[in-house]
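Participant: Next come the chains, spelled out residue by residue.
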Amino acid sequence: MRRTAAVWAGKATGVLSRFSRLGGGTTLPGDVARAIDPDVLRKLSRDLKHGAIVITGTNGKTTTARLVTWLLEGAGHSVVSNRAGANLIFGATAAALERAGANGRLHADWGVFEIDEASLERAVEEIQPRAAMVLNLFRDQLDRYGELEAIAKRIEAALARLPDDSHAVMNADDPRVAEIGLNLKRKPLWFGLDDPAVALHELPHAADARTCPRCGASLIFDGVYVGHDGLYRCPNGDFARPAPDLAATHIELNGFDSVALGVSGVRIELPLGGLYNAYNALAAFAAGNALGFEPAYIAERFRTVQAAFGRQERLEAKGRKLNVVLSKNPAGFNETLRTAVDLAGGHWFLIGLNDRRADGTDVSWIWDVDFERLRGRSRVVVPAGNRAADLAVRLKYAGVEAQPPESDPARAIDALIEATPEGETAHMLCTYTAMLDLRAELVRRGWAKPYWET
Amino acid sequence: MARHQKTFTVGWLYPDLMNIYGDRGNILTLLKRAEWRDFEARLIELGRGTTKRMDEVDVFFFGGGQDREQALVYEDLLEHKQPPLERAVAAGAGVLAVCGGYQLLGHYYQTGEGERFPGIGLIDVRTEAGTRRFIGDVVVDSALVDIRPTTLVGFENHSGRTYLGPKAKALGRVRVGFGNNGDDHTEGCLQGGVLGTYLHGSLLPKNPHLADHLIRSSLRRRGITDLAALDDTAELAAHEKILARSAR
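So the protein sequences, as listed, match chains A and B. Quick note on numbering: the numbering used here labels position 340 of the first sequence as 340, and the sequence is numbered without any gaps. Quick note on numbering: the numbering used here labels position 95 of the second sequence as 95, and the sequence is numbered without any gaps.
Here chain B stands alone, though its shape is the one from the complex (with noise of 0.2 Å):
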């Protein structure tokens, strides 16, 4: 009998352009947490001109860049990720967008000037450059039900304003920080498989159990519902300690 009965595979969008906020942290986290079940954990890196095997891929991880890599990116997104990446979400894989890509695949960004650069539509969010940066740690009382402890704790720094349309559900109510827009206390999005959010600092390693929910999520289609129980305690004192040191 093979050792690895199963596979778990993320596909990391844009990994040499889209990466200034330790995002390398999220890929690890579920790719290790996923090891750590038994399960045969891939990676397979998605940079400019490739769509290759983007339909084994059960979690997109798509991370912030600075402006020059951004415009790069969008270029790429249009021309070869948006149709496979479409049939992926709705075929049941999740994504997992931080900052600029969460920007990326919403419906627009409008700069202060008033120019609008259009992004791929696949969550119901539009972005606006505000003129403040929002800068700090966040807390965040989560909306998703199968996660334990309820928060979310993470590091923004975005001078986007992104506000949610009607399809998209807020990922959660900011307790500490901003979130997506510094009005209406909301945090993130969710929308079908897709999680959007401005926490990096780099949110999977201190919020396991958001990792497990994407995680879990994204095996449902294939037939996997429970996910073994790991000892998460050093994982749960950095997120405690981000807790104290916000409510100080």
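Just chain A, with the same shape it has in the complex (with noise of 0.2 Å):
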């Protein structure tokens, strides 16, 4: 049988991979089984016992997807997911292959998928989800996917192909994500912030949906979350911010620590601090919603979620305290550096730039993060992965002192951990790439697990 060969030719490709050391096997079983059989993915995940929930947007899928599968897995549910942040369709069907048994079947209840946005209309068309969430659409990665207008166009694409039951869950503070669940013809579980006390009050540099969709008029903005995720309206009434059918309020920031809100009537706290954490939580609370979990319960069950490998990762090093942060885009970025120069009082720091093509070969972004906030706060920065003379140059313009640019990840963690005074806490917020190559020295050192073991 097609799918059995598929499934073996895959899982073999796996263990081999990891073995090699080649990067934990994470999507090259899934390219190897799709060869033999492109529709392996539709099939395996036909035999999910309750079905799937795919996850899209920029920001916050691995996080989400690990809140959801925290949530299924509490009440004895066994997940499949795809959680080493490979989101491309192999990376979804690598993840599927790893849990088929040797009979080629899928044994599990439920499937959780993080999807890249580019991927999404091949995944709804296979996986078939009970679900999908689409988190939000900041500029990211122009170089690979062309622009933000084309994605929320395939993005919407994909959810109208959704099974009739399925549910699209939205978030309803993202002027475009609101265009897309505006214009179809299932009405969307919205889910937005209605907490002025933690809102800005201007755009950040890195915001690039100003627009009404059907005038054109600059939108106004009576409050900013994050990005471009607020409270907006069009001044001639002709588009505004659904009304949310869950609304978090009373948002607590504590750090890194934690965050905190309140949405039907329970108060939800995670051990994962920002902002972005708590439109993470409340995306994972809709979809729980959704599905028919009691709030109490979701309540209880986000208390001991863990962080989801380089998301505020805590590591030890030589006394002091190391705190990985996945900062891949200016939106991310700006809360990461929000959170760690405001929140956590942080002042020391490695920020980590590469422009492999899972960054971004492109990285002109980096002048639409506001560094500008590091001024007179950082002690120490560190600039580092293959692109560091650049952020040498952007931290240059931003009046933030800087070390000198340090691409080889051993000499840069080296200049961190020789900057950090014992017992203190040093930020390292890197994009993709970057983490991964800083995190397999802090691994050599003995600091870190492999990722396949997170």
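Bear in mind the hints are in silico, worked out from the structure with no lab data behind them. Fair warning: this is a prediction, and the values are worked out from it, not measured in the lab. Glycine residues also receive a C-beta, built at the ideal position from the N, C-alpha and C atoms. Keep in mind that a hint or two might mislead.
Stated by the list, open to error - So these bits of chain B aren't anywhere near chain A, every CB distance computed over 10 Å:
id, residue
1, Asp16
2, Glu40
3, Gly47
4, Lys52
5, Gln110
6, Glu115
7, Glu128
8, Ala129
9, Lys167
10, His185
11, Gly192
12, His209
13, Ile224
14, Thr225
15, Glu235
16, Glu240
Claimed, not checked - Simulated crosslink set (PhoX-like; lysine-lysine; CA at most 20 Å straight-line):
id, chain 1, residue 1, chain 2, residue 2
17, B, Lys241, A, Lys396
18, A, Lys396, B, Lys32
19, A, Lys187, A, Lys321
20, A, Lys153, A, Lys187
21, B, Lys6, B, Lys32
22, A, Lys318, A, Lys449
What the hints assert, rightly or not - Quick look at which bits of chain A chain B covers, simulated, 3 or more residues with Cβ under 8 Å:
id, segment
23, 166-176
24, 350-363
25, 423-429
Quick one: dock chain against chain with the hints and give me the complex.
Facilitator: Below, the structure written as structure tokens:
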């Protein structure tokens, strides 16, 4: 049988690639299996006892997927998910393969897949999910995907193909996401923040969806939470933020330690920091709600969730605490900087910038990040990654004193450790592959676990 | 005596709509490099509907946008900005136009279906839609004689093919990448005080010599011909990095 052959070939590839340390075997098995049977993911998805949830958006996919998985597992369900952030269709296929049995059947109750914006249409078509979540649409990797507009259209096409009884769980605070949702025939389950106390009053430089889709007028923001996500309206009354079905209030921000919010009459707290994680928690709450979980259960379960790999990952190194925080685009970087500097009072930093395909080969976006926030607050900043030289220029023009750029991961880590006093916390804010490179060095020194063990 | 005797003013055309490729880097570079030379550096944001103080601007910056935003900008450009912009350029102000901004200052943009959107014709260039997007590093041997090093580096991401008319001179010749159209090895254009280009990435932070060329050229009309030297070690290291990477 073709599917059994595909599953076996894919599984063998996964074992070999982990064994040879090619990178945890997170997507290559998917390539191999799909070459043998292009329908393998469609077939495996049909084996899921209860169905699947797909999660897309520029930022927060991995953490939200982790939260949803945590909810399902806590209720005794077995869950298959692409945990390692391998979010193209091959990654989702590889995850399903890994859990398939020798007979080529997938034995799991649920699938939770984070899916890259550009792969969503195919994923919805093959996986036929019970719910699709759209978290946000920020400027990210324009070199790879073309522009936001095109991505928004693809997401809309994907959601239009959802099965009739499925849910579209969408962020009402994001003007681009709202535009997609308002064009759909089905009514989305909208989530959004309702807490002016944590809102900013002007848009950051990285904001990019600022005009009314109907009349072209510049949108008015009565409050901004993250990037261009906030409380917006068209001055001519042609477009406004949809009223959220699930709204978060009473948000408490406690550095990188925790974030709390009130929703549906319960207080939710999770041990991850930053306003962006309030969005992730609320999105996962909304999905849990759509699947019929009680608010009280969700609140209890979220208290014990752990950070995903490289997302506020806490490590110990020579008596210093390291906090590894993925920061991959202007909206994300501005949030991690805000959390590290304003909420956690950080002084010691390593900023890692790479220009590989997964990071985006065009690094001009660093000029949209408000590195000015570090000025006068940071004591040490080590520019790292293969584009450390570009970061050094960015920091110079932001008026931030920095160490000489250091592209070698080992030497960059040495410089950070040396500069950080014992007992203190150093924050490592890095793009995706810069994080992988630095983390590999931390693993080599025994300060972090390899990622297939996290 | 006032600490600042001289001012330097940047006018940012449509900062909210035409800013997708880290264009703020170009603005910051112009402002900081003037400030470091003890100029009072000022930024005037020229959004839709306004033409306020355009006559005070030394260097205009016009960046790239997405299609939806570019269409909105086009209407405003014709209605409001064109006359004061032409006056300023005639009086010796400089313009740096990147990608979408570059195309809008030319004669027209022709779509794949043959439909023509007229530009404002400030520069003698025309643009036609191409099928393949040109994406990647670019290294240009510059035609400007007053800059050292003579190379310019950046990143391009465009599907438009721009061709120069007789009044426009190329900014330089492409050593790596596609440039204006991928056919004639030219990149960008120079015409009067207007510099059009497909290079972002951001352009000026990694090309401090080009930033200084723009500042110096625009100040000539006010009798300032020389700029104090700055330490460009960090900027030129980033410049070298692209040269080395693209030579591989």
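Participant: Hints numbered earlier in the text: which of these fail when held up against the supplied structure?
Facilitator: 1, 3, 15, 16, 19, 23, 25
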